[in-house]
Amino acid sequence: MAVFNGTNIAVTLGGTAVAHATECSLSLNQETIEVTTKDSSGMRELIPGLKSGSISISGLQEVAGSAGVKALAGAMNTGAAVALVFDQVETSGEKWTANGILTSLELAGGTEDAPTYSASFELTGTITKAST
Amino acid sequence: MAIIKVTLLKGWEHPAGVKMKAGETIKVLPTLRDELLEGGYIAAPKKQAKKNIKK
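For the protein sequence lines, the chains are B and G, in the order given. The numbering of the first sequence is my numbering, which starts it at 79 and goes up by one. The numbering of the second sequence is my numbering, which starts it at 33 and goes up by one.
Hints listed in this document are in silico derivations from the structure and should not be mistaken for laboratory results.
Cut-off 20 Å, straight-line C-alpha distance, at most; resulting in silico cross-link-like pairs (SDA-like, lysine to any residue):
no.: 1; chain 1: G; residue 1: K59; chain 2: B; residue 2: N86
no.: 2; chain 1: G; residue 1: K59; chain 2: B; residue 2: E101
no.: 3; chain 1: G; residue 1: K51; chain 2: B; residue 2: A142
Can you make the complete structure from the sequences, with help from the hints?
Structure, rendered in structure tokens:
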């Protein structure tokens, strides 16, 4: 089994890797439409509906540099969809590409804790999967 | 896909609307690296010196 180190997964926003990330995740969903009728013999029947996805990323806030939380804040300010890539980076990995709208950005700073950020993007339009 | 670390030679506006300063180091996709190179935002990669191979 050829598993690999999750550290090698990166999320890029507008072509630049989101800096100081510690966690990232991609979630893909398939909605269903119920088409059960009296002829369904008591069993629920479904047909496929809309597909959707989201990408979440969290990490540490930076003092300098613009590719981390500042880029995320920029995406929040513009409100526009940005190009996202969820990339396994490994040569034999897979890469998911989509446009996404930043729907939440949370910054936190606890006493004697490294200040953190977390962001969630809802994907819009086509989600493309390719091998790297 | 490899993500490449580059250093900006001049200010560049990120697609998210953030202005990045000259001297800042960022990790980019190869496609963006090519765009930055074309626009003169980053220096061309140095060619590696060929090793003398003794026959």
